[in-house]
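Peer 1: Take a look at the letters that make up each chain.
2 protein chains.
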Amino acid sequence: MMRCYHICKLPGRVMGIRLLRFSSIIILVLLLVAGALTTLLPNIKDDKMPTSRREAKPQSQSALDSFTLIMQTYNRTDLLLRLLNHYQAVPHLHKVIVVWNNIGEKVPEDLWNALGPHPVPVIFKIQTVNRMRNRLQTFPELETKAVLMVDDDMLISAHDLVFAFSVWQQFPDQIVGFVPRKHVPTASGVYSYGGFELQIPGFGNGDQYSMVLIGASFFNRKYLEHFQRQPATVHALIDETQNCDDIAMNFMVSKHIGKTSGVFVKPVEMGNLEKETSSGYSGMWHRADHFLQRSYCINKLVKIYDSMPLKYSNIMISQFGFPYYANHKSKM
Amino acid sequence: MMRCYHICKLPGRVMGIRLLRFSSIIILVLLLVAGALTTLLPNIKDDKMPTSRREAKPQSQSALDSFTLIMQTYNRTDLLLRLLNHYQAVPHLHKVIVVWNNIGEKVPEDLWNALGPHPVPVIFKIQTVNRMRNRLQTFPELETKAVLMVDDDMLISAHDLVFAFSVWQQFPDQIVGFVPRKHVPTASGVYSYGGFELQIPGFGNGDQYSMVLIGASFFNRKYLEHFQRQPATVHALIDETQNCDDIAMNFMVSKHIGKTSGVFVKPVEMGNLEKETSSGYSGMWHRADHFLQRSYCINKLVKIYDSMPLKYSNIMISQFGFPYYANHKSKM
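As given, the protein sequences belong to chains H and F, one line each in that order. Just so you know, we're using the working numbering here: the first sequence kicks off at 3 and counts up by one. Just so you know, we're using the working numbering here: the second sequence kicks off at 3 and counts up by one.
If you're looking for bench data, these hints aren't it; they were derived computationally from the structure. Treat the hints loosely; a few may be bogus.
The list treats identical chains as one, so a pair stands whether inside a single copy or across any two.
[Claimed, not checked] With a straight-line Cα cutoff of 27 angstroms, these simulated BS3-like cross-link-like pairs (lysine-lysine) come out:
#1 305 with 277
#2 331 with 313
#3 313 with 108
#4 277 with 331
#5 108 with 147
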């Protein structure tokens, strides 16, 4: 009785202040709870859209589920930038490493940053000498198991890349790519380099390939390390010709795994943009001796290896049900 | 001096006989040498014709380089005999095992022998009960690692078979074949069976398959043994439906290897001859409940396995450069 009377007799101001404080605390607590609830809302939305869960979340891509694009470039910066706008958006891409063979020329980093933000980091690796094999270095920025190597004039559709990456994951010790070539033995024992226009004597039905060119392919990053450990004669051959790094890689992989070096994935939408450069620079393959060099390289590598390690394959992989959903039916 | 005079004075006849003997011996020796040389000749010819070396020599086919055709037959003996005339000539075929489900009916062995000789042995296995799973027994006559299993109304070209066999040799633990199918999950959790006309929710580009039907496929003989060891409930399900032995095999293989059970090879020339039988008997798939049974079997097998072991794949394999030598090019 006395306590109640005592309380009731407190000055009104003090009572008011305590009530105010109490109310403030309640309101604050309610606001905090509301704030916590709003952070929960987007998650519930994601559950309703299963496709978004399947989309690549770059920040959580592991080294096994993503790949690094390594693109070497020389005198075709217009094509490079156009291609970067395309490749930067390909699913499962972790990072881009541009191997800058324009010696003494500034990398377009300021331009790149000014036109950000970008989906993935792009690293420009400035080179000191313009070497074809610069792109086969073991870049410390390379974090993924898979490398996607693309020439700076090749536009490969994201559909093709996503599928080929899934194929590489099933054949991780081989070069999985879009451009098949072969070596051809001749009666004299001298080898020659070519594509489907050449025939291998006595091989029965159809064609074979024994190399998959690395300039449009996925391969395991360890092969960059292996390549660095190749004999100096191999490196010298590539430097002498400014060519054949891909032939050398196929020799190396085939020797290493004891079977065909590559797996050919038939591209649905892949094209060469070299005619669209304003630099006037045509690709290396326009040099008069380019193809003769490649046959020359095969025979030199056979000497270095003291054997012909390349093996033939006639496996051609396509994507079931894409682009046309009944593409598995005969006569299609 | 005396010796020489003695010899010179020998009667002419004796000299003649000795000369005759000597000449005969020389001639005989020359003939033997010539005979030995002629046996050498075919070998040299083989060296000049590399294709003949690559041809299968049936008498020297090892268990790894050849396969056994297992063909089960019921009420379509006309088709069977026509197909045997085709399959008996396929390269790398070791033997044919015909699983005779025509209970009580005489096998056409006399006819077969009367129309010999034949390239390979054909064994008729007389069955006591007409069971779909009769073809999945472990036949003692089976000597090769690879089994080619074909339905008694399927005509698959030798080109397709030779290629698919070479593919199986690269994927020996999978069912390598020409007919892809899939299971489809639905919102209720109940599975359904189908082909490319069905879609798998939320799967992105293209189609997937999770089964390769065994009635037009290569697989490892060990899977016959595995199948015999399957739970009685699996055998009972197949007997109950007279169906689903192939679905059961895919469940079994997928569970065993922990990845997709089959590899789909796109056939170039494969056709069904069921309309051409004079027996009036249409295949099992014409039964009203055939397809519903297959969905039923999938759900039953999931119960038996207490899981869904089937895995999806979108790998479609074709032969590089066959039938058209530039078939790897885009838009073909």
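Peer 1: Against this structure, judge whether each hint is valid.
Peer 2: Going through the hints against the structure:
Within a single copy, residue 305 and residue 277 get their C-alpha atoms no closer than 37 angstroms, and across copies no closer than 60 angstroms, so neither meets the 27 angstroms cut-off. Within a single copy, residue 331 and residue 313 get their C-alpha atoms only as close as 30 angstroms, which misses the 27 angstroms cut-off; across copies the closest is 21 angstroms, which meets it. In this homomeric assembly, residue 313 and residue 108 never come within 27 angstroms of each other (Cα to Cα): the closest approach is 43 angstroms inside a single copy and 50 angstroms across copies. In this assembly of identical chains, residue 277 and residue 331 lie within 27 angstroms of each other by CA distance solely across copies; the values are 20 angstroms between and 36 angstroms within a copy.
Within a single copy, residue 108 and residue 147 get their C-alpha atoms no closer than 30 angstroms, and across copies no closer than 62 angstroms, so neither meets the 27 angstroms cut-off.
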